[in-house]
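Novice: Now for the letters of each chain:
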Amino acid sequence: MTADGSSWLSGRKSGISARLVHGFLSLIVAVVLGGFIASALVRYSPGFDVDENSWNPALSEHTREALHARREYENRLPLFYVRYLGKALHGDFGESDSFHVPVADLLRASAAVTLRLMVAGVAGGLLLGGCLAWLAVWPRRASLEIASASLSGLLLALPPAVLALFFFLSNAPVEIAVILAILPRVFGTMRALWSDLYGSGALLAARARGMSASTLAWRYVLLPAAPQLIALIGVTLVMAFGVLIPIEAICGVPGIGELTWRAASSRDLPLLCGLALIITLVVAFVASIGEFVGADNSPEIV
Amino acid sequence: MTISFNKDRMRKARSIRLAAILVLAAFTVGALLGPLLAPYSYDHQFRDAPSASPGRRFLLGTDEIGRDRFSRLLYATRISIVLAPAAAVISVALALLLAPLAAGFGPRRRFARPAMSVFTTICLALPWIFLFIILRAELPLNTGPVVSILATFGLMGIAGWAWPARIFSASIDRIESSGWMLHARAAGIPPRRIARVYAWPHLRAVAIAQFRILVPAYILAEATLGLLGLGVPEPLPSWGNLLSELRHPDLIRHNPWVLTPLVLLVIVMICLEILQTENAPAKEEQ
Chain Z
1 MTADGSSWLS GRKSGISARL VHGFLSLIVA VVLGGFIASA LVRYSPGFDV DENSWNPALS
61 EHTREALHAR REYENRLPLF YVRYLGKALH GDFGESDSFH VPVADLLRAS AAVTLRLMVA
121 GVAGGLLLGG CLAWLAVWPR RASLEIASAS LSGLLLALPP AVLALFFFLS NAPVEIAVIL
181 AILPRVFGTM RALWSDLYGS GALLAARARG MSASTLAWRY VLLPAAPQLI ALIGVTLVMA
241 FGVLIPIEAI CGVPGIGELT WRAASSRDLP LLCGLALIIT LVVAFVASIG EFVGADNSPE
301 IV
Chain R
1001 MTISFNKDRM RKARSIRLAA ILVLAAFTVG ALLGPLLAPY SYDHQFRDAP SASPGRRFLL
1061 GTDEIGRDRF SRLLYATRIS IVLAPAAAVI SVALALLLAP LAAGFGPRRR FARPAMSVFT
1121 TICLALPWIF LFIILRAELP LNTGPVVSIL ATFGLMGIAG WAWPARIFSA SIDRIESSGW
1181 MLHARAAGIP PRRIARVYAW PHLRAVAIAQ FRILVPAYIL AEATLGLLGL GVPEPLPSWG
1241 NLLSELRHPD LIRHNPWVLT PLVLLVIVMI CLEILQTENA PAKEEQ
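Protein sequences appear in the order of chains Z and R. Heads up: the first sequence at position 9 corresponds to 9 in this note's numbering, and the numbers run straight through without jumps. Heads up: the second sequence at position 118 corresponds to 1118 in this note's numbering, and the numbers run straight through without jumps.
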């Protein structure tokens, strides 16, 4: 029995470590390739070769030559990218062409803003979405179920950018728009999760024994649902980032989304390379954590 | 008692679904007949009446360069309603083509599976907004309206293949490890017949569910891109670029009719959501 148990355990451990190694390697490949594809998209976009400084009479001949040489170097994409990656490993992402400041400083400043919005949006969205889903499941009242589903449906029907625009124009915090954009996108999953758990035999038996609603919710719903909720947080973080790019660009919030928008508009290759590396790293990392945690737990919900 | 309650519920759900289908059908017919119903061309400028208020001549007023809002709305509805499903078809078709690779079929199974997994991760992680910026820059200024809208929606369809491909590869995995597949193999049924007769009906249900999920997603995506100025290019109208008028709060106060595209968008989205939720068995297949 012990031998069987330990071999099963060691097999499971080696399975987990193989998945970890596989996930890590996939992450590295995704980041390197993702950065390269994004750089190639920018490099071969029309107008990239044009440097407005070439016509700037305020610049000396020497400066213009230096700028020209740098542009030529950036034009050889594979070489540029390999050197860029080498420097990026040491934290040097180069200098932005359009802002004339180190890319690392720009990333640091805008990442803080985006992170704050993402955390607020995901936390608020999950909390409100979870409560709304609970209202649709637990009291077993058709009116509450219809009301919560209708509210979620209405929010889902509104483009997040329009929602953000309304809040922005009425001087309300944009965070509320992010929360309201996330809420309907988690409502369906959380309703299905609560519905499964609240309908379980163990919970019904505990309820019949007279256990309080809060104990039931904690012991029979939240604790068993923890792995799925962690996976959901991962998926929601990725989703929140997708929602934030247009919101930041439209409302002028100085985060990663707005920075991406401005960098892409001005074909700022060093900045876009840095952004692509960071964005791909964060998105792929969060998604793989979600997959890893959710893989063993009720995949039909994840 | 429970049975009659469930029956009553199902009857209500069926009537809601029918209402949603009727509304969508009305929108589609209206959209297809848009050019016939529109009193003016979408790009005709009435220089004598810029920013006109709604009235008998212009039902929803005119925009700041004197184009009739009602005519533009009819054309925009046609573009958004017809082309979002077309983009969804492209995504689902691409995903169906590539999913067998992601699920590890084919001669180089050991290599293909992780490669496709990484590729889908990249496609899901990259900010595709670059692509749309580049596309807008690539299109010459004299590009015809048909080419520009096909390029926008075509790109949207191509960019959106990764998520359905993941769902399809997970479904293929499930089909491959199912008991009936084992039975079919053991019975010596040729792989092509297994794929066509047994596996395809399962995948088709997932494909239809994915299509239903992608259509509203693309309508919303076009609206967002239009707000950013990256969607269907002017002077061609779409719900997205009509919504960009919402950036001017004074205009909304002066003429609330500028909210009409948003109202239509919300109605269509709610109808599509109803059809999605009523299709629970196909969704569970995911």
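FYI, nobody ran anything at the bench for these hints, they're computed from the structure. Check before you lean on any hint, since a few could be wrong.
Claimed, not checked - Some but not every residue of chain Z turned toward chain R, in silico, with C-beta under 8 angstroms: (1) A157; (2) L163; (3) L165; (4) A217; (5) I250; (6) G252.
Here the structure is a predicted model, which is why all the values come from computation and not from measurement. Here a beta-carbon is modelled for each residue, glycine too, at the ideal position from N, C-alpha and C.
Novice: Run the structure past the numbered hints and jot down the numbers of the failing ones, going up.
Specialist: 2, 4, 6
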